[in-house]
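Novice: First to last, the sequence lines map onto chains A and B.
So the first sequence is numbered by my numbering: it starts at 230 and just counts up by one.
So the second sequence is numbered by my numbering: it starts at 118 and just counts up by one.
Treat the hints with caution; some may be incorrect.
Below, simulated DMTMM-like cross-link-like pairs (lysine to aspartate or glutamate); rule was C-alpha separation at most 20 Å, straight line [unchecked claim]:
{"no.": "1", "chain 1": "A", "residue 1": "Lys270", "chain 2": "B", "residue 2": "Glu472"}
{"no.": "2", "chain 1": "A", "residue 1": "Lys270", "chain 2": "A", "residue 2": "Glu308"}
{"no.": "3", "chain 1": "A", "residue 1": "Lys270", "chain 2": "B", "residue 2": "Asp632"}
{"no.": "4", "chain 1": "B", "residue 1": "Lys355", "chain 2": "A", "residue 2": "Glu308"}
Hints are computed from structural coordinates only; laboratory data are not their basis.
Source: prediction; values computed, not measured.
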Amino acid sequence: MSSGESSEPGVPGAPGGPGEFTTGRVLSILAEIAETDQVRKDLDLDLYGLEILDSLATVQLMVALSQEFGIDISPAEFERELWATPRKIVAFMEGRVGP
Amino acid sequence: MMGMDLLGRIDRWGEIAPGRPAHRSGGRVLTYGELKARSNAVARYLAARLPGDRSPVAVLGHKEPEMLAAFLGAVKSGHPYIPLDVSLPPQRVERILAVAGVRVTLTPAEVARISVPAAEPATGPATGTVAGTLAAASVDAPTGASAPAPVGPDDPYYIIFTSGSTGEPKGVVITLGCLESFCRWMLDEQRPGGPPLDEQRPGGGEVFLNQAPFSFDLSVMDLYLSLATGGTLFSISKDDIEDPRRLFAALAASGVTIWVSTPSFVQMCLAEKTFAGPMLPHVRKFLFCGETLPPETAAALLDRFPRAEVWNTYGPTEATCATTSVRVDREILEKYSPLPVGRAKPDTIVAVLDEDGRPPAPGERGEIIIAGPNVSPGYLGRPDLTARAFLPWVPARPDLPLQPPAPAASVARGTGSGPGCALRAYRTGDWGRYQDGLLFFEGRMDSQVKMRGYRIELGDVEANLRALPGVRDAVVLPVAKGGRVESLAAFVVLASSGVPGGQDGQGDAAPAGFDEFTLGRRLRRLLGERLPAYMLPRRFLFRAALPMTPNGKADRRRLAAELEPGA
């Protein structure tokens with residue numbers, strides 16, 4: 230259905246390329262919750278290993294992304310592995326809403 | 118004031134309902150029979166290791182059942198206990214142990230090794246229980262030691278360490294009398310497990326949610342209300358809290374009837390749409406403490422759990438967990454925003470006073486003063502801090518700095534204190550206001566912040582930051598979103614000599630070769646060796662110098678303006 234359902238995980242679009250729309254919105258929300266722009270600069274940032282996100286911030290991120298994209302992301306279905314880096318979060322969101 | 122024999126009450130559950138679970142955590146169950154036997158064994162063990170000594174016993178763990186046995190064993194042998202969570206960095210733990218003069222620290226593993234004599238078997242179903250895992254005992258509890266004397270009403274019962282503004286943690290001493298005063302009130306008001314002193318009816322029993330680590334005094338509410346009434350304490354572990362999927366699975370299987378948590382925690386749960394009546398069909402009360410309860414949170418709970426009551430409470434650690442309470446129903450929600458924190462417990466005075474110790478004009482704010490049997494005798498080994506925050510409250514002596522407030526709307530007064538009866542009073546440093554006989558919390562008078570229910574002195578974080586090699590100066594500020602403190606931000610001036618953790622810098626904002634992010638993570642890691650994780654700033658901003666006020670202090674207002682969105 231959606232091209233974001235790609236089996237190639239996490240290839241957020243280069244500037245101007247495909248995926249930029251979702252990527253930009255996701256990263257902007259992530260940067261606000263994480264309080265650092267580093268999430269835009271380093272898409273492979275280890276969000277949990279570096280303690281940039283914790284459980285409460287993750288849930289806040291889910292709520293913010295749900296509101297931004299008008300979808301329902303359930304914390305009860307959360308898997309840390311799918312949210313471990315900015316690239317993975319972008320891929321997860323593209324899987325839900327397309328690029 | 119009559120004691121309620123808290124320890125005797127807890128032990129009686131071990132006699133009349135020995136197989137009933139006192140504590141559940143992960144897959145482990147501790148029964149009341151086991152709790153009684155094991156705490157007695159711990160008491161004998163401590164009496165032999167610390168003969169003729171009443172030094173505090175530290176209990177270091179994370180919500181293991183052995184911690185409950187260690188707490189009760191310590192006080193049964195006359196020692197107050199200091200609950201410490203394993204998430205505290207070793208340096209912080211060591212400072213606490215030194216400040217408190219601790220001679221014995223019990224860990225769950227050590228408690229498990231203390232054998233329970235055959236004469237007092239750890240009863241209850243063997244499989245899956247703690248007793249089942251403790252078969253091979255390698256340390257014998259000395260049975261020959263003379264029976265230890267338990268703590269008395271005026272003796273320290275527990276000591277909880279909180280953030281201190283100079284970077285040194287301070288220990289709040291709570292006596293058995295303080296704790297019993299708190300429990301008596303809550304048992305009368307909340308009536309868990311049926312009417313008070315209902316030990317002849319061992320069938321029932323509440324399941325209390327334990328969210329807070331035992332090192333945090335919010336846990337006193339669930340731990341002791343549960344133990345006093347033969348309830349089951351259900352501890353949700355840090356691992357569960359860190360993984361929302363596990364958290365909701367654990368909650369759904371918990372059978373919780375009385376929910377005790379910070380508002381932050383339940384707000385996180387409310388983000389999950391299935392967090393509602395069907396997930397927790399037995400929950401009948403939500404009790405909140407530790408921080409401001411937003412009206413939207415209370416409203417969402419009333420919508421999703423139509424059969425449950427929502428209660429807001431307020432009180433500093435220095436006055437034993439909570440001192441005021443109010444049931445937040447639709448009427449209260451319609452009338453007040455922000456929500457009130459309630460009315461004083463019956464044997465306690467909660468006054469709002471101005472600088473001269475007089476009630477302010479109606480509706481005006483003042484400092485919240487608490488006087489009653491739940492007020493701590495002071496900070497452990499810190500007469501200086503104690504003298505500043507605690508004072509006698511003698512209603513018959515109008516010449517004292519704090520005058521007895523008139524029985525006006527600005528004072529909620531209990532019935533338990535006769536005229537002339539001296540009470541200990543605590544100056545909370547909290548702004549408060551009375552309206553319609555209800556207390557409203559109006560923020561802090563100083564730079565203490567509450568974040569996710571944790572009490573943090575900004576000066577504590579700053580002092581520890583300045584103590585790091587390579588840091589010349591630091592100012593830490595709260596970052597608030599929607600009126601709540603969400604995180605901390607640190608403004609840091611590096612010393613010209615170097616970069617924290619090695620390599621020379623230039624003494625400028627961010628030294629060459631280091632971006633702010635990398636430096637910030639490095640500082641955070643170093644600070645994490647000194648402070649618990651909840652006290653670590655999320656953002657680090659490097660400056661060549663801090664802006665100064667005309668009188669030579671760091672200009673916090675200007676720095677705060679830099680944190681405003683869009684600044």
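Novice: All hints, please: hold or fail.
Specialist: Evaluated hints:
no., hint, result
1, A/Lys270 with B/Glu472, "violated, 52 Å"
2, A/Lys270 with A/Glu308, "violated, 24 Å"
3, A/Lys270 with B/Asp632, "holds, 12 Å"
4, B/Lys355 with A/Glu308, "holds, 16 Å"
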